[in-house]
Amino acid sequence: MNTLKIYVVGVGGQGNVLASKLVGEAAMAAGVPVVLSETHGMAQRGGVVESTVVLGGALSPTIADGCADILLAFEPLEAVRALNKVRKDSLIITSTSPLKPFSPSGDDKAYPPVPELLAYLKSKCDRVLAFDGREIALEQGNALGLNMVMLGALYASGIMPIQPEDQKKAIASGTKEAFAQKNLACFDAGLRAGLEAARQ
1 MNTLKIYVVG
11 VGGQGNVLAS
21 KLVGEAAMAA
31 GVPVVLSETH
41 GMAQRGGVVE
51 STVVLGGALS
61 PTIADGCADI
71 LLAFEPLEAV
81 RALNKVRKDS
91 LIITSTSPLK
101 PFSPSGDDKA
111 YPPVPELLAY
121 LKSKCDRVLA
131 FDGREIALEQ
141 GNALGLNMVM
151 LGALYASGIM
161 PIQPEDQKKA
171 IASGTKEAFA
181 QKNLACFDAG
191 LRAGLEAARQ
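Per my numbering, residue 1 is the first one in the sequence shown, and the count goes up by one each step.
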């Protein structure tokens, strides 16, 4: 099978490493070859966190510049920062809810307006699915569910070699029992949001 290279970016605390690991677990259960990697950086201080998921039999989890098929971004500015990883025909899936860096002065003027970020993403890639993942998670009663929302949206792409039901089994078994149902609700909501964004 052809490889599918997914580059996942976010900020420390958003749960993108867990999301990547859950894709890996679902892939293994479905018999799809997978390799993963993660880079935490300054995650403990709200810094950038990157992870990669390569499906389909690759020997290395490294994704070179211009080689990602999907950029899955948990934060819009991080999507822009990772644009070197994608091509014009790649797919970008991003949450539009900004997580602004801490400023001692309380000045957030350094953060670009989100509409400008989205317009820039769309100028670089033909397909951009954008929606407020944080709001969707909150609607499901799960303040920490952004990662599950974005995971659901990943399956809205229609190009994942894994079935959504296989991913949901991995979520149910790979997250704490107390949060499993809310995580699954966030996944389903993210899938719907991704499909809706694709129709726009």
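Source of the hints: derived by calculation from the structure; they are not laboratory data.
The structure displayed is predicted, hence computed values, not measured ones.
Certain hints may be false.
[Claimed, not checked] Pairwise CB distance ranges, derived in the manner of DEER restraints: (1) A29 / L195: 35 to 41 Å; (2) L195 / A110: 33 to 39 Å; (3) N2 / D65: 26 to 32 Å; (4) L59 / R199: 34 to 40 Å; (5) N2 / L144: 29 to 35 Å.
From the three backbone atoms N, C-alpha and C, an ideal C-beta is built for every residue, glycine too.
Quick check: which numbered hints come out false for this structure?
1 and 3
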